[in-house]
Amino acid sequence: KAGVTQTPRYLIKTRGQQVTLSCSPISGHRSVSWYQQTPGQGLQFLFEYFSETQRNKGNFPGRFSGRQFSNSRSEMNVSTLELGDSALYLCASSPGQAAGDTQYFGPGTRLTVL
Amino acid sequence: EDQVTQSPEALRLQEGESSSLNCSYTVSGLRGLFWYRQDPGKGPEFLFTLYSAGEEKEKERLKATLTKKESFLHITAPKPEDSATYLCAVEGGGADGLTFGKGTHLIIQP
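Top line first, the protein sequences correspond to chains A and B.
All you need for our numbering is the position in the first sequence, starting with 1, plus 34.
All you need for our numbering is the position in the second sequence, starting with 1, plus 1420.
None of these hints come from the bench; they were simulated from the model.
C-beta: ideal position from N, C-alpha, C; glycine also.
Any given hint might turn out to be false.
Only part of the chain B face toward chain A is listed, based on derived beta-carbon distances under 10 Å [as the list claims (entries may be wrong)]:
hint: 1; residue: 1433
hint: 2; residue: 1469
hint: 3; residue: 1504
Under the rule of at most 27 Å between Cα atoms (straight-line distance), these lysine-lysine pairs were calculated in the DSS-like manner [to be verified]:
hint: 4; chain 1: B; residue 1: 1462; chain 2: A; residue 2: 47
hint: 5; chain 1: A; residue 1: 91; chain 2: B; residue 2: 1462
hint: 6; chain 1: A; residue 1: 35; chain 2: B; residue 2: 1489
hint: 7; chain 1: A; residue 1: 35; chain 2: B; residue 2: 1479
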């Protein structure tokens, strides 16, 4: 079974721009979660989508948004980029049907904001 | 608010020298405790899921155990390829996704 894929793998943007990241989950998985990883804060939860609906949300500003499509693929958007948004953005998928489902991570998108 | 604390932050071992990594947690309604390993520049790789106190799981040189307050990842006779950052995460009863610890950076010297 193919794993979680994320595109692009690397991005360089400047302050004030916006960016869209894409995630394709493992086949059959309906839940997609997004995380931000930085050296200072570690891995932090952004939001989770299940069956095209946002099910959970972390403590991030409204500049961070996402959506999920009918094929379970998900996109994450960050508007008005700030220097502090530079991070590794990770997507994880799980079946999503039961509490405590294991989440499987993709390779991440490295975003650099100049 | 769920919290996860991992110790030590970094650990350097000789090849074959067994040790344990600690993950202490506070969570309301544990739904699952997860161990991942992460290599530089890559996404976390799943290792184990534990659901209840007393549960143990093994895979090759790794063994994970769980109590009501902490989890241990035991590494027996490690090899250099076991070098990585090991992450512990919990899923609680709230709508917060996974809460991760800062990780233990493990180096195994030949």
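Hint-by-hint comparison with the structure:
| no. | hint | verdict |
| --- | --- | --- |
| 1 | 1433 | violated, 23 Å |
| 2 | 1469 | holds, 5 Å |
| 3 | 1504 | violated, 14 Å |
| 4 | 1462(B) x 47(A) | holds, 21 Å |
| 5 | 91(A) x 1462(B) | holds, 24 Å |
| 6 | 35(A) x 1489(B) | violated, 35 Å |
| 7 | 35(A) x 1479(B) | holds, 20 Å |
Consistency with the previously given hints fails for numbers 1, 3, 6, ordered from lowest to highest.
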